[in-house]
Each structure stands twice: as structure tokens, then as C-alpha cells.
Amino acid sequence: MKTMRMPLFIRFTCALAFGLIALCMGDAAAQTPLERAESYVRAGDWDAAHALLAPEMDQAPYASNARAWFVLGFVQKEQFKASGASGLDAEDRIRAVGSLQRALALGTLTVRDEQTARDALDYLGRSYFREAIERVEGFTLGAEPEILELMGRYESVLRALDPAYNVIEQRADLHRYLGQAHARLLEAARYAGLPQEQVLFDGAISHYETSLNFAPAHYPTLYNLAITLYNHGVRQLKRINHETSMFELMEIQDVCVGLFEQALVPMQQAHQQRPERLETLKGLMTVHYALSQPEKSDVYKRQIEAVLQKK
Amino acid sequence: MAWVTCGLLMSQGTTSGLDETDTRAVTKANFLFHFAASNEWPSSVKEGSFYLTVIGNNRLYDELVDKYAMKMIGAQPLQVTGYSRVEDLPRDAFHHLVYCDVGGAELKRVASDLEGTPTVLVSDSPDGLEQGAVINFVASGNRIRYEINAADAAKKGVLIGNKIMSWAVK
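Here the protein sequences line up with chains A and B, keeping their order.
Per the working numbering: the first sequence = residues 298 to 608.
Per the working numbering: the second sequence = residues 1044 to 1213.
Just chain B, with the same shape it has in the complex:
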């Protein structure tokens, strides 16, 4: 048959490839940038670089380095650091914003280590706020949203910006 002969010229199978971009990492990276840029940190940590640290999520770290590293947070250039495991996080260094991909006891340990510092801990865990995170990513209507423990942030001396508050689910 003519069609069959000529049809061999065209692919009979699937040709398109799935884009393997980590879509959640892209969205979360932008949220983290807004958390950095739109909250108010105490004046004691408003000099030098702005430190954003990622624990346990290489693709989120890569996305942040690729698109946001060295962008200005006020007058502070954004420095992004990544660690694979919770125990790798240096306890003696200051971090403005820490994202921790793991939940449960490990998240609680990070929160405990950061207690008393003006660090905003961000998590992506069903019980993130209970474990000590200030901001926790949640799924809402198939979208990434976040919830905030504004009281905890205030205790740390960090004022959550209106823009950030207005988009929070609770």
C-alpha cells in the first residue's frame, strides 16, 4: 500500500521527550527567593552576604545557584550553600534562611540547632510547623503553597512581609 510504504518515512512511535526539569524545585526556588527578599531581618544580620542554605535537595540547590545566586537581597548579595545531610550543616555559621527537605526528627533537630538565631527555617513536610519550621510548603489544589508560623518568626526577630503573609494558606 502506498501509504504504508511512504509512511515509513515518518516515525510511527513517540518522538517527544519528557522535560525532566524538577518543576517543584523551580517553584520552590522562587518562593525561597521571595522569602529572602520580602521578610525583614534584624539589623544585626543585614550586613555582608545573605545566606540561604539548602539541606537534602540537590536540584533545588542547583536551581537557586543557577538563577538566584549573587542577586541582591536589599544590599546583600545572595549566597547559596547546599548540604546533602542534616548532620553536614555547620552549627557555628549563620544562615538567614534554611530549607530542609527532610521532616520528622531530623527537621526537629535542625530547628533546635537554629533556635535563638534569626534564621527562618523552611520545610516541606506534613508536620513541618510542628517540628519547628517557620514556613512550611504544602500542597493546595495541586499547587505549591505555604503555611507560616508568624509568631515563631517574631520571636526570632524576623518580620514576615505582608506580601508573604497574604499568599500563605494559614
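So here's chain A without its partners, still in its complex pose:
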């Protein structure tokens, strides 16, 4: 009986091919999802890395694996960056913060991984802060709750990195910025005579006062509070015209004088901080004048002249 036999070189080639396939399959089977995700990370394929790793995180091997949470958090941070998303609803950022905080909380990261996780968290925290500031700079009515929440998240990340971190200075600044943002809208006269005008005025005063609770002797906050109170009084006064009755005139005067008297207190406190500052001297001169106190107004007028002579 004649048997069919393959030529030797063909048999060798087939054997090599089968061997390589087996080797490759054996190697893939040996790689964990984390290791495979890491190779995607090295290639910059964040979505593939996330798709591979995220479903595994509820499983026992990974739920308490700091390195896995760290890689996942890093991937989510990169996804957030790539998405260009912003605001409270940027989900990749929320997930990234959660994963990185969990990685750090497990306490088993290498020194290098821990530093990278902290840097990533710091980046995410600052992104909240940047967005809060952007919204303050382009402030519109109704933006305040989101700004406060963004700042709250910034503080939360900061505290996670350093539980002893003191946020008082930032809060004082934030409320001062919000006071200024409200006051700027108020000055723009877009809401003149509308109910929103009072909302803006109350908002400005409330934020300046909150800021002063955190930093009581802060000169710009004291000065801005005084100016906002004074200017609001003047705003009422400017509405007086030929149709204003005598009774209305008296009422408006009462409101204005009340605001001028309130303005005097922070203006004097600001003056105590910087006794030779011209804007405060001018403010005191003007407020006393508006309060029909010409002698006191003249005192500050003379001080202004003295300061100007020194220059």
C-alpha cells in the first residue's frame, strides 16, 4: 500500500506555524485584563482600555486592587480631557475622581503610582476651579449654584489630597469675586428697575459679607461693599424726576440715607486699613456729603489735598 507523504519542508513550515499560534494564544490567555488595558494605555487608546477594564472593577480580583483603580482613573481622566466636556455633568471627570480617590484610599500603590494619582487628582480639581472662575468672569443671573457646586468639588478634591488643607482664603476670594460679579451686572443697568436688580444687589451684599466673615479686614472687599451700598442709594436717587411726588421724594431719601449710612461703616473700616488711600478718602468725603454732613466731608477733602501734596 502506497502512503501519501508531505514533503519535508512543508511539514516543517506547518509545524512552525502551529507552534507560533499556540504560543501566541497561550500568551494572550495568560495576560490579565489589567495588563491588556495597560497595553492600550501605552498605545493611547483610552476607550479600548476603559472598555476592557471598567466591567472588571466589580469583580473580586479588582475591587480592592489599587493599581487597577489607578489605571482606570488615569484612563477616565484622559477621556475627560479628550472629550472637552465641562460643568457638573462631565461624567468622565466624576468617574476619574472617584477611581483615583479609591486607588489612593486602598493605600497599596507604589510611590510612583501614588504621585501620579495625586497629580491626576490635582489636575481634575483645578479643572473644577478653572470652570468656576470662568463662570464668575462671564457671570449671568442663575449661574451662582453651579459656581458654588464647582467650587465645592474643587475643595473636596483638595481636601482628599490634603485633609489639613485650609480653604478659608479661597472661600473669601470666591465670595468676593461673586460679590463683584453681581455688582458688575448691577452697574450694567440691564436690570434697572426690574425685580432682578434687587436680587443682584442682595446677592452682591450677601457675598461681600460672607467673604468678610472669612477675611474680616480685607481692604478690597470692605471698599467694594461700601461702594455697592452707596451706588445703590445713588441709583434710587437718580430715578427722581418731575413726576416724583413730595411724599415719594421723602421715601426715596429715607432709603438712600439708610444705604449711605450702611456704606459708611465698611468705608471707614477700609480707611483704617489704608489711611492714605485716595479712593477711600474720596469715598468718605462723598458719603458724608451725601449724608448732609459737610464738616465731616471737608475733613476728608483736606486729607485728600494733604496726600496729593505729598506726591
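Hints listed in this document are in silico derivations from the structure and should not be mistaken for laboratory results.
For every residue, glycine included, the Cβ atom is placed at its ideal position computed from N, Cα and C.
Check each hint, because a few of them may be wrong.
Restraint-style ranges between C-beta atoms, simulated for each label pair [stated by the list, open to error]: (1) S1092(B) x R487(A): 30 to 40 Å; (2) V562(A) x E1173(B): 29 to 39 Å; (3) D1135(B) x R574(A): 50 to 60 Å; (4) L445(A) x M1115(B): 44 to 54 Å; (5) R574(A) x E1158(B): 41 to 51 Å; (6) E466(A) x M1115(B): 52 to 62 Å.
List time: in silico DSBU-like cross-link candidates among lysine-lysine, alpha-carbon distance up to 35 Å [what the hints assert, rightly or not]: (7) K535(A) x K1089(B); (8) K1114(B) x K535(A); (9) K1114(B) x K1151(B); (10) K1114(B) x K1198(B); (11) K1206(B) x K593(A); (12) K579(A) x K1110(B); (13) K1198(B) x K598(A); (14) K1198(B) x K1151(B); (15) K535(A) x K598(A); (16) K598(A) x K1110(B); (17) K1199(B) x K1089(B); (18) K1198(B) x K1089(B); (19) K607(A) x K593(A); (20) K1151(B) x K1199(B); (21) K1151(B) x K1089(B); (22) K579(A) x K535(A); (23) K598(A) x K579(A); (24) K1213(B) x K1114(B); (25) K608(A) x K593(A); (26) K1110(B) x K535(A); (27) K1110(B) x K1213(B); (28) K1213(B) x K1151(B); (29) K598(A) x K1089(B); (30) K1114(B) x K1089(B); (31) K1151(B) x K1110(B); (32) K1213(B) x K535(A); (33) K1151(B) x K1206(B); (34) K1213(B) x K1089(B); (35) K1089(B) x K593(A); (36) K593(A) x K1151(B); (37) K1206(B) x K1089(B); (38) K593(A) x K1213(B); (39) K1151(B) x K579(A); (40) K1114(B) x K1206(B).
Put chain B on the given structure of chain A with help from the hints.
Okay, now just chain B, sitting in the frame of chain A:
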């Protein structure tokens, strides 16, 4: 520090500007308009324009021109005139209402010049009424109020309105 870096985006200083409106001029202008509109002048001067003259207060003059000029006082359009100094006031022209910002001897001189005419002289001076003004602005509780010499007004043939009388401090 992250905060410091980003904080530079926001102003660290004072941003709001002081509103430089002359608040007393705004209030006094409205009072003067009410003095013009709510008092009763003799019929001999109730034709033509109503003449309101301001001496020594440019910002009050500007406020009056801006908001009240040509408004009707009864049937008379309000004409506002301003002079920097007492000596600039024309003695031969009639004025229904004159506001004089300066007090003392200069105010007395204006009062003397206006004697015998149905002109209400208004001042803002501690001794305004003593110097011959009919109405004098005074400070009361940090507010602008006024006092009246109603008897002098009556001698001039001007009847001070009830509304004006009721808000006077004396």
C-alpha cells in the same frame, strides 16, 4: 499653588467705581421743582415762562436743566438760568424762584436786591432765613429738609402751598 495661579485671572483689587453723581443736587433740584409747582404766585407773574435761577451751584443747575427745564409749572414752561457769582445776577430781570448757594453777606445782598418782588429766595446756609431767604435747606437726620419763613413769603404775595408747609421742619 493652583488657587494663586488661577486667581490671577480675577481682579485682586477694587473694581467698582464710586458714582460721582451730586446726590444733594439731585434732591435739591426736585425740592426746587416742588417749590415752583406747589406754591401760589401772584397773578401778575403767572404768564409767560416760570423763571428759576441758580447762583453758585453748577451741578444743581445742570440737574435742573437735564430733568426739569421746559416742564410745565401750571401753564408756564420752566426756564432755568444759572450764574456762577452773586454779582452776575441781573437785577432788572424777574425771577420767580432764586436758589443761592452762598450764605452770609452775599445772600443778604441777593435778598435785598429781590426785596419787593414776588420772588422766593431759597438758600442752603445755617443762617439762611436770617439773611433774608424765604426757604432754607437744612440737614435733619442726615436728610435734606427745609425751613420756611411763611410770613416773608406772604409779604411778597406768594402763598406757600400746604404740601410744602407740611414737610417743612419749621
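Okay, the hints, checked on the actual structure:
Separation of S1092(B) from R487(A) is about 39 Å and conforms to the stated range, judged on CB atoms against 30 to 40 Å. In this structure the supplied range 29 to 39 Å holds for V562(A) paired with E1173(B), their Cβ-Cβ distance being about 36 Å. A beta carbon spacing of about 51 Å between D1135(B) and R574(A) agrees with the range 50 to 60 Å that was offered as a hint. For the pair L445(A) and M1115(B), the supplied restraint of 44 to 54 Å holds, since their beta-carbon distance comes to about 53 Å.
Between R574(A) and E1158(B) the beta carbon distance is about 50 Å. The supplied range of 41 to 51 Å therefore holds. Evaluation of the 52 to 62 Å hint for E466(A) and M1115(B) yields a pass: the beta carbon distance comes to about 59 Å. For the given pair, K535(A) sits about 30 Å from K1089(B) by alpha-carbon distance, which is consistent with the 35 Å threshold. For the hint linking K1114(B) to K535(A), the alpha-carbon distance of about 18 Å falls within 35 Å, and the restraint holds.
Pair hint K1114(B) plus K1151(B) holds up; C-alpha atoms about 30 Å apart against a cutoff of 35 Å. A C-alpha spacing of about 28 Å is found between K1114(B) and K1198(B), which places the hinted pair at or below 35 Å, so the restraint holds. Using a Cα cut-off of 35 Å, the hinted pair K1206(B) and K593(A) holds, with the two alpha carbons roughly 32 Å apart. Restraint check for K579(A) and K1110(B): satisfied, since their Cα atoms lie roughly 27 Å apart, inside the 35 Å limit.
Distance restraint check for K1198(B) and K598(A): the Cα-Cα separation of roughly 41 Å exceeds the 35 Å cut-off, and the hinted pair is therefore not satisfied. Taken as a hint, the K1198(B) and K1151(B) pair is honoured in the structure, with Cα atoms around 17 Å apart against an allowance of 35 Å. A hinted pair counts as satisfied when its Cα atoms are at most 35 Å apart, and K535(A) with K598(A) qualifies at roughly 24 Å. This hinted pair checks out: K598(A) and K1110(B) have alpha carbons roughly 29 Å apart, not beyond 35 Å.
This hinted pair checks out: K1199(B) and K1089(B) have alpha carbons roughly 14 Å apart, not beyond 35 Å. Straight-line distance between C-alpha atoms of K1198(B) and K1089(B) comes to about 18 Å, which keeps the hinted pair within the 35 Å bound. Distance hint between K607(A) and K593(A) is fulfilled; the C-alpha atoms sit about 22 Å from each other, no more than 35 Å. This hinted pair checks out: K1151(B) and K1199(B) have alpha carbons roughly 16 Å apart, not beyond 35 Å.
About 26 Å separates the Cα atoms of K1151(B) and K1089(B), which keeps this hinted pair within 35 Å; it holds. A hinted pair counts as satisfied when its Cα atoms are at most 35 Å apart, and K579(A) with K535(A) qualifies at roughly 20 Å. Distance hint between K598(A) and K579(A) is fulfilled; the C-alpha atoms sit about 7 Å from each other, no more than 35 Å. For the proposed pair K1213(B) and K1114(B), the alpha carbon gap of about 29 Å is at most 35 Å, so the pair holds.
This hinted pair checks out: K608(A) and K593(A) have alpha carbons roughly 24 Å apart, not beyond 35 Å. Under the criterion of a C-alpha separation no larger than 35 Å, the hint pairing K1110(B) with K535(A) is consistent with the structure, at around 10 Å. Under the criterion of a C-alpha separation no larger than 35 Å, the hint pairing K1110(B) with K1213(B) is consistent with the structure, at around 28 Å. Using a Cα cut-off of 35 Å, the hinted pair K1213(B) and K1151(B) holds, with the two alpha carbons roughly 21 Å apart.
In summary, the hint linking K598(A) to K1089(B) is not supported, as the alpha carbons are separated by about 44 Å, beyond the 35 Å threshold. A hinted pair counts as satisfied when its Cα atoms are at most 35 Å apart, and K1114(B) with K1089(B) qualifies at roughly 15 Å. Between K1151(B) and K1110(B), the direct Cα distance comes to roughly 29 Å. Compliance with the 35 Å bound is thereby established for this hinted pair. The suggested pairing of K1213(B) with K535(A) holds, with an alpha-carbon distance near 28 Å, which does not exceed 35 Å.
Restraint check for K1151(B) and K1206(B): the C-alpha separation of about 27 Å stays at or below 35 Å, so the hint holds. Simply put, K1213(B) and K1089(B) have alpha-carbon atoms about 28 Å apart, close enough for the 35 Å limit, and the pair holds. Taking the CA atoms of K1089(B) and K593(A), the gap is near 42 Å; set against the 35 Å cutoff, the hint is violated. Of the supplied pair hints, the one linking K593(A) and K1151(B) holds, its CA atoms being roughly 27 Å apart against a limit of 35 Å.
With a C-alpha separation of about 20 Å, the suggested pairing of K1206(B) with K1089(B) holds against the 35 Å cut-off. Between K593(A) and K1213(B), the direct Cα distance comes to roughly 25 Å. Compliance with the 35 Å bound is thereby established for this hinted pair. Taking the CA atoms of K1151(B) and K579(A), the gap is about 33 Å. The hint holds against a cut of 35 Å. Restraint check for K1114(B) and K1206(B): satisfied, since their Cα atoms lie roughly 20 Å apart, inside the 35 Å limit.
Checked against the numbered hints above, the structure violates hints 13, 29, 35; every other hint is satisfied.
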